[in-house]
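Protein chains: 2
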Amino acid sequence: MNAPFPVADARRALIDRHADLINAAINAVATRAAWSPFKDSPSTKIHGPDKPLAGKAAFEAQLNRPFDLDLPGVIDHVGAEVSPFTGEALGITYPRCDPEALIEAAQTAWPDWRAADPELRLALCAEMATRLYDVNFEMAQAVMHVAGQSYTQAFSGSGPNALDRGIEALAYAAKAMRDVTRSARYERDFAGEAVSLDKTYALVPRGIGLVVCCASFPTWNAYPALFASLATGNPVILKPHPIAVLPMAIVARECRRVLADFGFDPNLITLAVDTLAQPVAQVLVDHPAVQIIDFTGSPRYGGHLERTVTGKLLFTETAGVNTVVVHSVADLDAAARAVARAASLFSAQMCTSPQVVYVAPDLVEAFGAALVAQIDAIADDPAMAVGIMGAIQGEVSLKAVADVRGAVERRDGVHVLREAAPYAHPQFPKARTLTPLVLAVDGSAPDLYAEEHFGPVLFVVTMDADAAVAEATYLARTKGSISSYLYSTDEDFIDRSTPLYEQAGANLTINLTGAMWINFAAAYSDYHVSGLNPAGNACLADLAFVASRFRIVQRRRPSE
Amino acid sequence: MNAPFPVADARRALIDRHADLINAAINAVATRAAWSPFKDSPSTKIHGPDKPLAGKAAFEAQLNRPFDLDLPGVIDHVGAEVSPFTGEALGITYPRCDPEALIEAAQTAWPDWRAADPELRLALCAEMATRLYDVNFEMAQAVMHVAGQSYTQAFSGSGPNALDRGIEALAYAAKAMRDVTRSARYERDFAGEAVSLDKTYALVPRGIGLVVCCASFPTWNAYPALFASLATGNPVILKPHPIAVLPMAIVARECRRVLADFGFDPNLITLAVDTLAQPVAQVLVDHPAVQIIDFTGSPRYGGHLERTVTGKLLFTETAGVNTVVVHSVADLDAAARAVARAASLFSAQMCTSPQVVYVAPDLVEAFGAALVAQIDAIADDPAMAVGIMGAIQGEVSLKAVADVRGAVERRDGVHVLREAAPYAHPQFPKARTLTPLVLAVDGSAPDLYAEEHFGPVLFVVTMDADAAVAEATYLARTKGSISSYLYSTDEDFIDRSTPLYEQAGANLTINLTGAMWINFAAAYSDYHVSGLNPAGNACLADLAFVASRFRIVQRRRPSE
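Line by line, the protein sequences are chains A and B. Read in order, the letters of the first sequence correspond to residues 1 to 560 in UniProt numbering. Read in order, the letters of the second sequence correspond to residues 1 to 560 in UniProt numbering.
No wet-lab data here; the hints were simulated from the structure. Computed from a prediction, not measured in an experiment: that's the story for all the values here. Hints may contain errors.
Mimicking DSS-like on lysine-lysine, the simulated pairs with C-alpha atoms at most 27 Å apart in a straight line are [claimed, not checked]:
no.: 1; chain 1: A; residue 1: Lys479; chain 2: A; residue 2: Lys312
no.: 2; chain 1: B; residue 1: Lys430; chain 2: A; residue 2: Lys175
no.: 3; chain 1: B; residue 1: Lys175; chain 2: A; residue 2: Lys175
no.: 4; chain 1: A; residue 1: Lys56; chain 2: A; residue 2: Lys39
no.: 5; chain 1: B; residue 1: Lys45; chain 2: B; residue 2: Lys56
no.: 6; chain 1: B; residue 1: Lys175; chain 2: A; residue 2: Lys312
no.: 7; chain 1: A; residue 1: Lys430; chain 2: A; residue 2: Lys56
no.: 8; chain 1: B; residue 1: Lys175; chain 2: B; residue 2: Lys312
no.: 9; chain 1: A; residue 1: Lys39; chain 2: A; residue 2: Lys175
no.: 10; chain 1: A; residue 1: Lys479; chain 2: A; residue 2: Lys399
no.: 11; chain 1: A; residue 1: Lys479; chain 2: B; residue 2: Lys312
no.: 12; chain 1: B; residue 1: Lys312; chain 2: A; residue 2: Lys312
no.: 13; chain 1: B; residue 1: Lys399; chain 2: B; residue 2: Lys479
no.: 14; chain 1: B; residue 1: Lys479; chain 2: A; residue 2: Lys312
no.: 15; chain 1: B; residue 1: Lys399; chain 2: B; residue 2: Lys430
no.: 16; chain 1: B; residue 1: Lys51; chain 2: B; residue 2: Lys39
no.: 17; chain 1: A; residue 1: Lys56; chain 2: A; residue 2: Lys45
no.: 18; chain 1: B; residue 1: Lys39; chain 2: B; residue 2: Lys56
My request is simple: use the sequences and hints to build the entire structure.
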């Protein structure tokens with residue numbers, strides 16, 4: 001065991017330790033090639049046999065106990081998480097804090113942080129990501145049991161894939177901050193007099209960043225928001241969804257430890273736990289000390305923020321209606337399998353899940369049948385169903401699917417291709433599961449399919465492909481879309497379709513089949529959300545996601 | 001004479017012609033050293049004897065005539081400009097257009113522009129700047145006679161110095177757009193399968209940019225806003241102040257010619273002329289096709305926009321209360337002269353003009369006397385007064401000064417150090433002029449000096465320097481400040497003061513005397529407006545000023 005370094009030495013060493021990581025991430029976002037510093041498989045071949053067990057043990061040891069976070073202004077302890085896999089309450093309680101105390105604590109902690117070298121802030125965020133990767137088996141259990149993601153998806157999608165989004169935001173923060181020289185010599189002749197000024201340029205953070213997290217995929221958007229605000233010098237208050245607190249509590253715990261380890265006040269990151277009955281988000285949104293808001297969640301509240309927040313930075317990701325247009329296919333089963341897998345992944349509780357599949361009339365019967373067969377192949381194989389579909393987080397999603405199913409009998413032109421049904425989870429017999437409902441619809445029912453239904457339901461719409469592209473891109477413009485999909489063997493059709501997607505701000509995946517999930521969005525390579533349609537105003541991640549989180553204040557004086 | 005190139009060749013040649021300019025500007029904003037592609041003196045030694053005369057002739061030929069702009073949806077012709085130098089109406093009328101017709105024309109013009117190579121858009125903006133420099137003697141006359149700036153200031157401050165701000169914004173637009181690779185190959189193994197995707201990333205503009213210009217310094221903020229929006233692919237509607245249309249009409253004329261010369265629809269830039277009785281700004285602000293708003297002008301309307309605009313980009317520069325703190329001086333006359341010149345320049349109708357001069361008690365009598373002497377030295381020398389003070393644009397500024405003067409008799413602790421008075425303009429006997437009112441005030445009268453008075457009035461406040469810094473930075477935080485000034489020979493005092501300015505988002509000039517105007521803000525080197533206080537939310541110019549004016553939309557498909 002080494003003796004503890006003095007803090008200054010430890011900080012310098014940390015900057016050195018993470019310099020390559022940050023520079024590699026900067027290179028990755030420039031080239032957009034595949035890259036990650038992490039392994040996104042939970043395989044024991046990679047991680048050894050002990051880490052998965054230790055992660056599970058850590059999770060289980062936390063059940064039915066107060067979560068240990070030494071937050072300021074604690075009012076009481078609350079907790080309402082129920083595992084979608086066991087149906088049982090996790091029994092974990094979290095400190096609920098006076099929002100004013102969280103604000104005050106952030107402001108008290110802030111001066112040291114704003115004065116810190118931006119390179120140190122970047123390195124500390126990289127260290128937080130590294131520590132979170134170290135506890136990712138615990139995180140995977142936590143995400144599983146609050147969100148319902150399968151174990152493998154919770155490990156990868158809510159672990160490395162999400163941490164990569166965070167490091168991607170760090171890369172842009174580094175680029176934006178390094179773009180500003182900290183000093184300059186200005187020499188010019190004025191009216192025959194040689195003038196020489198020394199100028200300094202300070203990066204000044206804006207204020208407290210509030211990160212409002214969603215319930216189904218909390219870490220994926222939280223990491224980039226957290227690191228973007230924090231690296232640029234702003235304290236952060238994490239506001240988890242009241243039914244999915246544990247992942248963000250783990251984040252707060254790890255990040256606060258890193259801050260403390262390197263001599264900073266841990267209250268630079270706090271957790272604003274609330275309850276469904278007494279939500280706290282709006283109090284924080286309205287507080288003048290909160291200057292940056294990152295929101296992921298429902299279009300309803302996201303839209304409210306978009307219509308009401310002024311004088312602050314607001315970054316949103318909400319939802320939309322993702323579409324597939326099938327014009328023609330080289331391999332019908334491969335295309336149907338790709339769509340079936342995307343519609344089954346996490347039971348379509350993802351912002352990239354397809355909901356509407358437009359199929360050209362000559363293909364629709366065959367494609368619909370193949371789609372059902374491919375979904376059945378997943379649903380009927382317990383190992384696959386477990387790994388792909390996971391569980392249904394909320395009763396509300398069961399109801400969403402049931403509501404759609406109920407509408408079928410009352411409508412002409414709608415019929416059931418595949419009934420939704422629970423699948424039997426071998427490990428968790430009480431798991432709340434539901435395989436996708438698949439409906440065949442004609443174009444007369446857009447009221448039914450053209451609104452987001454948050455749950456496993458897929459509409460197969462018979463429509464000429466050009467008309468389908470027109471409608472799909474109209475939906476993207478008016479309802480929002482994060483991921484759109486197109487299948488065609490006709491390059492002319494593709495060429496005339498792609499501009500419509502581009503104008504609708506719809507990121508498009510063309511003819512993708514095979515082992516990669518078509519709705520997988522890779523940090524460093526795939527831009528997530530265009531900001532051009534109602535699915536959100538921010539992109540993970542680009543320069544615009546970070547460039548305004550800090551400001552520049554200058555001084556100048558005659559050179560010595 | 002060469003034969004006209006085909007358009008495509010001309011476009012390629014234009015990109016080549018301006019490549020060095022744009023790259024030099026990118027280098028300048030990185031190093032922040034002094035640089036400009038232009039000469040900011042109107043001297044005939046630089047420009048020859050003909051250009052000044054030709055510019056004056058062009059201006060005079062325009063008087064009492066309709067301004068020739070072939071805009072869509074013309075309703076009628078209006079014009080209400082009166083020269084502050086002659087007191088006479090310019091008699092120029094401008095087409096007033098149906099705002100809906102301007103929007104429609106912009107949308108019709110847009111597809112070609114959004115499809116254009118970003119490098120071509122950059123080159124076209126550089127070409128516009130170059131052409132505007134070519135007509136800068138005409139522009140100088142126009143700015144003189146609508147705004148009241150002196151000839152030399154109108155030439156430099158509203159010409160090259162403003163064009164530099166535009167090219168600075170272009171440099172950031174180039175950086176932000178070049179930061180996005182247009183294509184990538186993504187190769188990764190998924191579940192043992194090698195996946196290779198080709199990805200393309202399109203830069204997609206947001207929508208129409210509205211540039212709302214101020215009356216007193218219209219080009220300086222308009223150029224960066226215009227070029228930032230235009231280069232990133234957005235059509236622009238210029239909305240000049242109804243009493244200062246001519247400069248923006250010249251801008252529209254020149255820029256539309258450039259667009260037409262290179263095969264683009266000139267309606268990518270239009271002019272929305274209105275009248276004081278029937279303002280059109282809000283109609284355009286509210287229009288859903290307008291997605292970017294750049295506003296320069298009054299805190300009243302700017303604040304209204306800041307409180308009400310949602311779902312669109314809003315960049316504002318309004319105003320504030322700029323302060324000088326005099327703690328101690330090496331050379332009292334030099335410091336007093338520096339402040340006197342800044343307070344006299346354009347009769348303090350600038351967003352960087354100082355208004356409140358806090359002087360330490362031991363210095364205040366001597367400094368006040370020196371300040372008055374230095375202002376007198378300018379006011380009493382007709383050549384200097386003409387060149388520095390110019391004219392008063394609006395009656396409202398005379399009234400602002402008269403109102404302050406009227407309050408003196410009714411207050412204790414306030415007395416007149418120097419009376420405001422017109423100076424006799426040798427060339428324009430009817431010029432509306434006013435030399436600065438200088439009042440001595442004690443700290444009990446902040447209600448008098450702590451609000452912006454838009455006109456030549458200077459308050460000399462007796463206050464201990466530490467208390468003065470506290471109050472000056474409080475005013476910056478609460479009322480806004482674009483430029484703050486500090487004089488001290490005590491490095492300890494400077495060291496403890498600068499963090500307060502930084503926290504207030506107040507750009508600070510320390511101990512500057514001599515030939516350079518202390519309120520001169522150099523493009524490429526000085527950041528103008530921090531965005532951290534009520535003086536505005538945007539900075540000229542940084543990455544944040546441009547990075548969100550376009551978005552990124554991607555496509556991906558399996559590699560061939």
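Structure-based check of all given hints:
Note on Lys479 (chain A) and Lys312 (chain A): the hinted pairing holds, with a Cα-Cα distance of about 25 Å set against a maximum of 27 Å. Using a Cα cut-off of 27 Å, the hinted pair Lys430 (chain B) and Lys175 (chain A) is violated, with the two alpha carbons roughly 55 Å apart. Between the alpha carbons of Lys175 (chain B) and Lys175 (chain A) the distance comes to roughly 11 Å, so the proposed pair stays at or under 27 Å and holds. Of the pairs offered as hints, the one joining Lys56 (chain A) and Lys39 (chain A) holds, with about 19 Å between alpha carbons and a cut-off of 27 Å not exceeded.
Taking the CA atoms of Lys45 (chain B) and Lys56 (chain B), the gap is near 17 Å; set against the 27 Å cutoff, the hint holds. This hinted pair checks out: Lys175 (chain B) and Lys312 (chain A) have alpha carbons roughly 25 Å apart, not beyond 27 Å. Taking the CA atoms of Lys430 (chain A) and Lys56 (chain A), the gap is near 19 Å; set against the 27 Å cutoff, the hint holds. Among the hinted pairs, Lys175 (chain B) with Lys312 (chain B) is consistent with the structure: their alpha-carbon atoms are about 23 Å apart, no more than 27 Å.
With a CA separation close to 25 Å, the supplied pair Lys39 (chain A) and Lys175 (chain A) stays within the 27 Å bound. Note on Lys479 (chain A) and Lys399 (chain A): the hinted pairing holds, with a Cα-Cα distance of about 21 Å set against a maximum of 27 Å. In summary, the hint linking Lys479 (chain A) to Lys312 (chain B) is supported, as the alpha carbons are separated by about 17 Å, within the 27 Å threshold. Only pairs whose Cα atoms come within 27 Å are accepted, and Lys312 (chain B) paired with Lys312 (chain A) is accepted, the gap being roughly 13 Å.
Between the alpha carbons of Lys399 (chain B) and Lys479 (chain B) the distance comes to roughly 21 Å, so the proposed pair stays at or under 27 Å and holds. At most 27 Å may separate the alpha-carbon atoms for a hinted pair to count; Lys479 (chain B) and Lys312 (chain A) meet this at roughly 17 Å. A distance of roughly 18 Å separates the Cα atoms of Lys399 (chain B) and Lys430 (chain B); the hinted pair therefore holds under the 27 Å criterion. The suggested pairing of Lys51 (chain B) with Lys39 (chain B) holds, with an alpha-carbon distance near 14 Å, which does not exceed 27 Å.
Restraint check for Lys56 (chain A) and Lys45 (chain A): satisfied, since their Cα atoms lie roughly 17 Å apart, inside the 27 Å limit. A hinted pair counts as satisfied when its Cα atoms are at most 27 Å apart, and Lys39 (chain B) with Lys56 (chain B) qualifies at roughly 19 Å.
Hint check: a violation occurs at hint 2 only; the rest are consistent with the structure.
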